[in-house]
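Peer 1: Chains as they are written, first to last, in our numbering: chain B, 1 to 173; chain L, 1 to 158.
A hint or two may mislead.
[Said to hold, decoys possible] Computed, partial: chain B to chain L, Cβ under 8 Å:
1. 63
2. 134
3. 153
No lab work stands behind these hints: they were computed from the structure.
Glycine included, C-beta positions come from ideal geometry on N, C-alpha and C.
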Amino acid sequence: MNMAFNITVDERDVALLGAIQDGLPFSERPFKDIGKALEMSEEEVIVRIERMQSNNIIARFGLVLQHRPLGYRANAMVVWDVPDDKVDKAAKSITAHDFVTLCYCRARRAPVWQYNLYCMIHGRERDVVEKQIAILNNDGLAAFPSKTLFSRRRFKQTGARFSKPPEIERRCT
Amino acid sequence: MARWPDRFIDMQLTSLETKLVNGWQKGFPLIPRPYAQIAEKMGITEKDVIAMLASLKERGILTRVGAIVRPNTVGASSLVAMAVAPERLDEVAQIICAEPQVNHNYERENKLNLWFVVTASNNTELDEVLYRIEQKTGCATVKLPLEKAYHIDLGFNV
């Protein structure tokens, strides 16, 4: 569910998200240390994060891992062109499978890009991921035009940016 | 494995590290001394937890301890695709990575071969970033904004 409506964040929330976009420090009092630069008390930092989490603005708070170093390098983006009135049902059949990492509906850009339903699968072996994609297609999606885009090189991956960091990383990883 | 252009030696996790990464991808303690609480539950010291996190980060396994923000709730973001001539891919990718608002950038197997995510404070700024990228690279951007999120990254078991 996209609950972009009736949720508000104020300037201090956005500043806080900016201050934690590269992560909490590994110190004994990380929330206190984050608050220092923002002139926010430790308590305010914690209360704001708790509130954003209970308002579902923060989907989760914790360790954010990279798939690739752990061997998950068969990373497929699968897209389908599903009629608008059938997208919700199709998405439901996709998200029923626990090997699916993400499932989104996005705008189409005809004639360049006709696809609107996306899912991501992170696996260790390409042939396993291909079988998982076949499972999705057998589950009612085969009727729709589809493409599978495995990733090749990763040029960059960081968290979303809510403020510009003091030093901008200019090199690609 | 020649088909994977970026080859890694898979990182091995110790059993304590596995416990740490499987246990705290969500539900991180929002208390003054979170690492001490994690340590207590794992039967190790706060220093051990901090050292383990620093090591996981150093080895490229841990990106950060922080928030996954639900898309379209704060700021504006979009997935963007580009068709780049193979011989220009490295150069174009570098130009795109240099934009601080770009947070993912992957080569994928398609005519649209470069896929990146731009996050900005609002739609105007987002479009400015795309315009600047088009000017610098000479390649057209295909903006594919999110319409509905059915399932988002909730972590994974190692």
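Peer 1: State for each hint whether it applies.
Peer 2: Now the hints, each set against the structure:
1. Proximity of residue 63/B to chain L holds as hinted, the smallest CB-CB distance being about 5 Å (cut-off 8 Å).
2. Look at residue 134/B: its Cβ only gets to about 17 Å from chain L, farther than 8 Å, so that hint breaks.
3. Below 8 Å, beta-carbon pairs count as interface contacts, and residue 153/B has one with chain L at about 4 Å; its hint therefore holds.
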